[in-house]
Amino acid sequence: MNTAEAIDTLEALVRAGAGGEPVVLATVVRTRGSTPRKEGARMVVGRGGILAGTVGGGCGEGQVLETAGEVLGDGRTRTVEVDLTEDLLTLSPAVCGGILEVRVERVDPPEIS
Amino acid sequence: MDALNAARRILEARRTEVGVASLLILDGPAEGARRLVFADGTAEGDVGDSDLAAALDDLGARLVTGELAAGRRGRDAGTHQVDAPAGGPVQVYAEVYLPPATLLIVGAGHLALPLSRLGHLLGYRITILDDRPAFARGERFPDADDVRLVDFQAPFAGVEVRRTTHVLLVTRGHQYDYECLRRLLLLDEPPEYVGMIGSRRRVRATFHQLREEGIAVETLERVRAPVGLDLGAETPEEIAVAVAAELVLFRRGGSGRPLVEVEGVARRFFGESDAG
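Listed in order, the protein sequences are those of chains U and F.
Take the first sequence: its position 19, counting from 1, is numbered 19 in the numbering used here, and each next residue is one higher.
For the numbering used here, count along the second sequence from 1 and bump the result up by 113.
Hints in this document: simulated from the structure, not taken from any laboratory.
Remember, predicted model here, so these are calculated numbers, not experimental data.
Just so you know, even glycine gets a beta-carbon here, dropped at the ideal spot from N, CA and C.
Careful, some of the hints might be misleading.
According to the in silico footprint, chain F covers these stretches of chain U (three or more CB under 8 Å from chain F) [to be verified]:
(1) 6 to 15
(2) 36 to 44
Here are the simulated lysine to any residue pairs, SDA-like style, with alpha carbons at most 25 Å apart [what the hints assert, rightly or not]:
(3) 38/U to 140/F
(4) 38/U to 361/F
(5) 38/U to 121/F
(6) 38/U to 374/F
(7) 38/U to 188/F
(8) 38/U to 65/U
(9) 38/U to 3/U
(10) 38/U to 252/F
(11) 38/U to 161/F
Derived DEER-like restraints, expressed as beta-carbon distance ranges [claimed, not checked]:
(12) 128/F to 19/U: 14 to 22 Å
(13) 108/U to 194/F: 50 to 58 Å
(14) 3/U to 351/F: 43 to 51 Å
Isolated chain U, as found in the complex (with noise of 0.2 Å):
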């Protein structure tokens, strides 16, 4: 069953869509280890910053919203590879240890006709 976040995803797809703004969709399509979050998590970002959804806190979303940024300039998709292994034995806060692989793409309005 699909929880109430993955359907507020994409109604915020679709509101920004119907108000003319590109946005980025940032979607967790493969996981390694233990991770926060799962495949399936996924979140829309705007010029403004997250509009709904999470990819997983602290772990990992720095570097996402980073490449969202580059990705609402130029257009292109990219795969980010978040390794939180690394960190595993820092006392950062970001500390969950596995990898998330994070399709991110831009979603542009339709064009009016």
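Using the hints provided, position chain F relative to the given structure of chain U.
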């Protein structure tokens, strides 16, 4: 099909209660193409190759019928390999959207408020029933899809109760719980999850009446009463968390124990060296 159109079509399918699998090709010449496969057998989205489309439709059909889980541990998303004859295998990221299951909350008192909210967050469609006009009001339940004033002598008249419906009996009195539970258990296809709130005494009294009606002990054993995990919950909000936790347990099949005990990291990895 782009992500925006796919989102629109998925939300439409959800409103009309049609299951849909959303398939996104991750590599190969058709990288980035999306195809939607609906439970009614139709499909949309050009992937540029009829063999690949047929392979995707086959995967989608298995996902929307529940024959194949989209992700590990029953999750609703995951990546699969699809063998398309011409171009070799491709990786396909799949999401499955099935019509939401209904959480039917019988009794619209204090406990129903946090139950409605948590049930909504867990992805249920929420229906709430009560026989008191002051309680069965939509304004009290912003997260509910349907709030109805009913007569507890015939509480489910006009209410669809399927096998996949999850029911929580949280009425204000044991006689109402009894009436509702009796009707649910006598259905041809009783709901797979029926939980009833109450103390051991109240549950026993209800079960006793049902036994006298000839309802089998095995049937009663399937009723989750008292409902909820043993968290020591006291307030309506805490009790609702304990009930919601049991709903997740039912869906995902965990042990219900604290992870610290299940994993035992300190003991398992550091216990021996400490002893030595």
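Now for the hints, and whether the structure bears them out:
1. 6 to 15: holds (count 6)
2. 36 to 44: holds (count 3)
3. 38/U to 140/F: Within the cut-off at roughly 20 Å; holds.
4. 38/U to 361/F: 16 Å, holds
5. 38/U to 121/F: 24 Å, holds
6. 38/U to 374/F: 23 Å, holds
7. 38/U to 188/F: 9 Å, holds
8. 38/U to 65/U: Holds, because 18 Å separates the two Cα atoms, which is no more than 25 Å.
9. 38/U to 3/U: 13 Å, holds
10. 38/U to 252/F: Answer violated: residue 38/U to residue 252/F is near 35 Å, above 25 Å.
11. 38/U to 161/F: 30 Å, violated
12. 128/F to 19/U: 14 to 22 Å: 21 Å, holds
13. 108/U to 194/F: 50 to 58 Å: 30 Å, violated
14. 3/U to 351/F: 43 to 51 Å: 22 Å, violated
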